[in-house]
Amino acid sequence: MKIVVAPDSFKGSLTAIEVSDAIEQGVREIFPEAEIVKIPMADGGDGTVQCLVNATGGKILEEKVIGAFP
Numbered sequence: 001m002k003i004v005v006a007p008d009s010f011k012g013s014l015t016a017i018e019v020s021d022a023i024e025q026g027v028r029e030i031f032p033e034a035e036i037v038k039i040p041m042a043d044g045g046d047g048t049v050q051c052l053v054n055a056t057g058g059k060i061l062e063e064k065v066i067g068a069f070p
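Per UniProt numbering, the sequence shown starts with residue 1, numbered consecutively.
Read the hints as simulated data drawn from the structure, not as lab findings.
Just so you know, even glycine gets a beta-carbon here, dropped at the ideal spot from N, CA and C.
Please note: incorrect hints may appear among the correct ones.
In the BS3-like style, the derived pairs of lysine-lysine whose C-alpha atoms are separated by at most 25 Å in a straight line are [to be verified]:
no., residue 1, residue 2
1, LYS64, LYS38
2, LYS11, LYS64
3, LYS59, LYS38
4, LYS38, LYS2
Derived CB-CB ranges, DEER-like [stated by the list, open to error]:
no., residue 1, residue 2, range
5, GLU35, ALA55, 25 to 35 Å
6, GLY67, ILE23, 37 to 47 Å
7, ILE23, GLY57, 20 to 30 Å
8, GLY58, LYS2, 20 to 30 Å
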């Protein structure tokens, strides 16, 4: 059995990644042999960048800037 878990975050309490991990844990208790595909989602708010980074295997870079781009 394949189960897709694609939650958004619970603002102020859990990130989408934490929600998908919690759901996976619950599903495994009932269906230990299930193939679980976790796809954390985001609606453009908090957690969007982290979801994109995780989904693409990217990384977050930080740079100091001294002014606006002309």
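So which of the earlier hints does this model not fit? 1, 2, 5
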